[in-house]
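Protein sequence lines correspond, in order, to chains A and B. This note's numbering numbers the first residue of the first sequence as 48 and each following residue consecutively. This note's numbering numbers the first residue of the second sequence as 311 and each following residue consecutively.
Treat the hints as calculated values from the structure; they're not laboratory data. From the three backbone atoms N, C-alpha and C, an ideal C-beta is built for every residue, glycine too. Treat each hint with caution, since some may be false.
[What the hints assert, rightly or not] Covered by chain A, per the in silico footprint, the following chain B stretches (three or more residues, Cβ under 8 Å):
| id | segment |
| --- | --- |
| 1 | 485 to 495 |
| 2 | 555 to 565 |
[Unchecked claim] Simulated restraints, written as ranges between beta carbons of each label pair:
| id | chain 1 | residue 1 | chain 2 | residue 2 | range |
| --- | --- | --- | --- | --- | --- |
| 3 | A | S323 | B | S406 | 19 to 25 Å |
| 4 | B | P365 | A | G170 | 49 to 55 Å |
| 5 | B | G568 | A | A341 | 32 to 38 Å |
[Said to hold, decoys possible] Among chain B residues calculated to face chain A with C-beta under 8 Å, some are:
| id | residue |
| --- | --- |
| 6 | L389 |
| 7 | L408 |
| 8 | G463 |
| 9 | G525 |
| 10 | Q529 |
| 11 | V544 |
| 12 | F548 |
| 13 | T576 |
| 14 | L577 |
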Amino acid sequence: MTALLETRDLVKRFPVRHGLTRRLAGHVTAVDGVSLHVAAGETLGLVGESGCGKSTLARLLTRLEPPTSGSIRFAGQDLAEVDEHGLRPVRRELQMVFQDPFSSLNPRQTVRRILTSPFAYQGLKPDEPVERLLERVGLGPEHADRHPYEFSGGQAQRIGIARALALRPKLVVCDEPVSALDVSVQAQILNLLKDLQDEHGLAYLFIAHDLGAVRQISTRIAVMYLGAVVETADRDTLFGTPAHPYTRALLSAVPLPDPDAERARERIVLHGDPPSPLDPPSGCRFRTRCPRAADRCAGERPTLRVIAPGHQVACHFAERSEGNEGNIHHSSESSQ
Amino acid sequence: MTLLTVRDLTVDFASGVRAVAGLDLDLAAGQVLGVVGESGSGKSVTSLAVLGLLPRDARVGGEIRFDGRELTRLDQRALRRLRGNRIAMVFQDPLSCLNPYYPVAFQIAEAYRAHHRAGRKAAHRVAVRMLERVGIPEAERRARSYPHEFSGGMRQRVMIAMALCLEPDLLIADEPTTALDVTVQAQILDLLRELRRETGTAIMLITHDMGVVAGLADQVVVMRDGRAVERGAVHDVFHRPRQPYTRGLLACVPRIDGPLPRRLPTLAEQT
Numbered sequence: 048m049t050a051l052l053e054t055r056d057l058v059k060r061f062p063v064r065h066g067l068t069r070r071l072a073g074h075v076t077a078v079d080g081v082s083l084h085v086a087a088g089e090t091l092g093l094v095g096e097s098g099c100g101k102s103t104l105a106r107l108l109t110r111l112e113p114p115t116s117g118s119i120r121f122a123g124q125d126l127a128e129v130d131e132h133g134l135r136p137v138r139r140e141l142q143m144v145f146q147d148p149f150s151s152l153n154p155r156q157t158v159r160r161i162l163t164s165p166f167a168y169q170g171l172k173p174d175e176p177v178e179r180l181l182e183r184v185g186l187g188p189e190h191a192d193r194h195p196y197e198f199s200g201g202q203a204q205r206i207g208i209a210r211a212l213a214l215r216p217k218l219v220v221c222d223e224p225v226s227a228l229d230v231s232v233q234a235q236i237l238n239l240l241k242d243l244q245d246e247h248g249l250a251y252l253f254i255a256h257d258l259g260a261v262r263q264i265s266t267r268i269a270v271m272y273l274g275a276v277v278e279t280a281d282r283d284t285l286f287g288t289p290a291h292p293y294t295r296a297l298l299s300a301v302p303l304p305d306p307d308a309e310r311a312r313e314r315i316v317l318h319g320d321p322p323s324p325l326d327p328p329s330g331c332r333f334r335t336r337c338p339r340a341a342d343r344c345a346g347e348r349p350t351l352r353v354i355a356p357g358h359q360v361a362c363h364f365a366e367r368s369e370g371n372e373g374n375i376h377h378s379s380e381s382s383q
Numbered sequence: 311m312t313l314l315t316v317r318d319l320t321v322d323f324a325s326g327v328r329a330v331a332g333l334d335l336d337l338a339a340g341q342v343l344g345v346v347g348e349s350g351s352g353k354s355v356t357s358l359a360v361l362g363l364l365p366r367d368a369r370v371g372g373e374i375r376f377d378g379r380e381l382t383r384l385d386q387r388a389l390r391r392l393r394g395n396r397i398a399m400v401f402q403d404p405l406s407c408l409n410p411y412y413p414v415a416f417q418i419a420e421a422y423r424a425h426h427r428a429g430r431k432a433a434h435r436v437a438v439r440m441l442e443r444v445g446i447p448e449a450e451r452r453a454r455s456y457p458h459e460f461s462g463g464m465r466q467r468v469m470i471a472m473a474l475c476l477e478p479d480l481l482i483a484d485e486p487t488t489a490l491d492v493t494v495q496a497q498i499l500d501l502l503r504e505l506r507r508e509t510g511t512a513i514m515l516i517t518h519d520m521g522v523v524a525g526l527a528d529q530v531v532v533m534r535d536g537r538a539v540e541r542g543a544v545h546d547v548f549h550r551p552r553q554p555y556t557r558g559l560l561a562c563v564p565r566i567d568g569p570l571p572r573r574l575p576t577l578a579e580q581t
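Next comes chain A alone, as it looks inside the complex (with noise of 0.2 Å):
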């Protein structure tokens, strides 16, 4: 599969300013080297925490925002080199979703004037009548004249959607589509976007908090903390046998909806808080609330390696898998 979007090494820093004379006293590094690509056609995960540079990232690969260093290469092109005037005809295959969709729609222009603005800031003629491009996102015709306050944050964020699409993206980056819905409606937007997906061969790289809603819809899954991947696999493999000690604590720190299995679980439960990115610790940024951190992860920060075919981590300490401890000989043995 070769990679319809791939970043190297990509920064951002943003200064921190103080006082009245808004006087530099420092910088906060939000993406820390980041490197990784989206297949087309597949989704990629990316889950973290609040802080953890996930949003700011997005905006990076849909260049909302520049980056301090590194490339972002999509479609043939480095975006961090291109200027905006370059950038339009990206926008044709690089769209993105919002997490609030009253907020990303504008609440005086029709659903109708919403939806062709795409194509208007293209200089192109819709491809498409609205009517039609509601119906793929779940709307009826009659919804085309309304304006976005009569509308439930299901059915906005579906015209959030549906403007993502107008323009017949490649790649669709999702910023925490589905956190602001009610379960029953973050259920059908997750079809929905899977359902759009198999029709139209989309890409996603899909941002969230909620781990259950990533397995759902992802096929690989990249973990980030303060402001670095820690850990990369395919699905099966990051919910099965995930290898970095945060990935374990994260997964096991969220709820299971039955009572047996919550009460029964051992759970790796974290002390305190993450740090702040204004001041990361030394060496591994983990260490601090890790509970196999070592003199070595202090000194020595680790850096993406393989573990396994498809499976990246960012630990000293991580290897195959613990769940399997008995194959790890064997497995190795038979791969090399």
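Following the hints, position chain B against chain A.
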């Protein structure tokens, strides 16, 4: 012993909205009752009704009996004596519940002094002890910090400390972990479990998250459109739901374990 009994509760707003439409609840001393439902199901309005904190334009009907007293007939003075003292509350957003101008221990001490005859120093000692109890490291020093110096999880711990400093019989927790990250949520849920075991405080836990209920509640009430559509022991409701709505609500949550459906089952679209 039944601590809280709600019978045929109705809440009508002046706008004509009926937020709660005939609800019955029973909560025994020391038990955890989970109230689950989607937004607009009336779960938060129910908790505000129990606390007597509804806006003036709300009309409350039915009975709310707490420890043998009918709350709907109490005047504000009597309710104020009850609130905080016997019934305490923790809300979703701790930052909007804390006063940004005062140190956290001062605010806990203030709550304590509102119901107890205690001097400033004694109340401060209670506050520090409570902060220790809810797992604030270096409580003695952090007691003098302001809310903005705390993270979201720490602020929620402060709220819980404030709620529990008067050893209430009932704690109403309305989406106590919804605004928190999942690893921090796990810490707060552990804390609630531990405090409940040690203090025997009954908890009315209001949430939309089926997982949170599964891990903490003894009894569950599933609400929809201001009514209880299903109720029972947590085990029965989760493993043998009788109502299609409950089954749908459980099935449509994407899970991190178990088989992976290609499509999620959805509740019938209600638009």
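Results of checking the hints against the structure:
Given a C-beta distance limit of less than 8 Å, the hint that chain A covers the segment 485 to 495 of chain B holds, as 5 residues qualify and 3 suffice. Only when three residues or more bring their CB closer than 8 Å to a CB of chain A does the claim for the segment 555 to 565 of chain B stand; here the count is 7, and the claim holds. Between S323/A and S406/B the beta carbon distance is about 22 Å. The supplied range of 19 to 25 Å therefore holds. In this structure the hint that P365/B and G170/A lie 49 to 55 Å apart at CB holds, the actual value being about 52 Å.
Separation of G568/B from A341/A is about 35 Å and conforms to the stated range, judged on CB atoms against 32 to 38 Å. With its C-beta approaching chain A no nearer than about 32 Å, L389/B sits outside the 8 Å limit, and its interface hint is violated. Annotation: L408/B was flagged as interfacial toward chain A, and the flag is violated, the nearest CB pair being 17 Å apart, outside 8 Å. Because the closest C-beta pair between G463/B and chain A is about 6 Å apart, less than 8 Å, the hint holds.
For G525/B, the interface hint holds, since its Cβ comes within 8 Å of a Cβ in chain A; the closest pair sits about 4 Å apart. This hint is violated: Q529/B has a C-beta 11 Å from the nearest C-beta of chain A, more than the 8 Å allowed. Of the supplied interface hints, the one on V544/B holds, with its beta-carbon coming within about 5 Å of a beta-carbon of chain A, less than 8 Å. Annotation: interface hint on F548/B holds; nearest CB of chain A at approximately 5 Å, less than 8 Å.
Interface restraint check: T576/B against chain A, minimum CB-CB distance 5 Å, threshold 8 Å, status holds. This hint holds: L577/B has a C-beta 4 Å from the nearest C-beta of chain A, less than the 8 Å allowed.
Against the hints set out earlier in the document, violations occur for numbers 6, 7 and 10.
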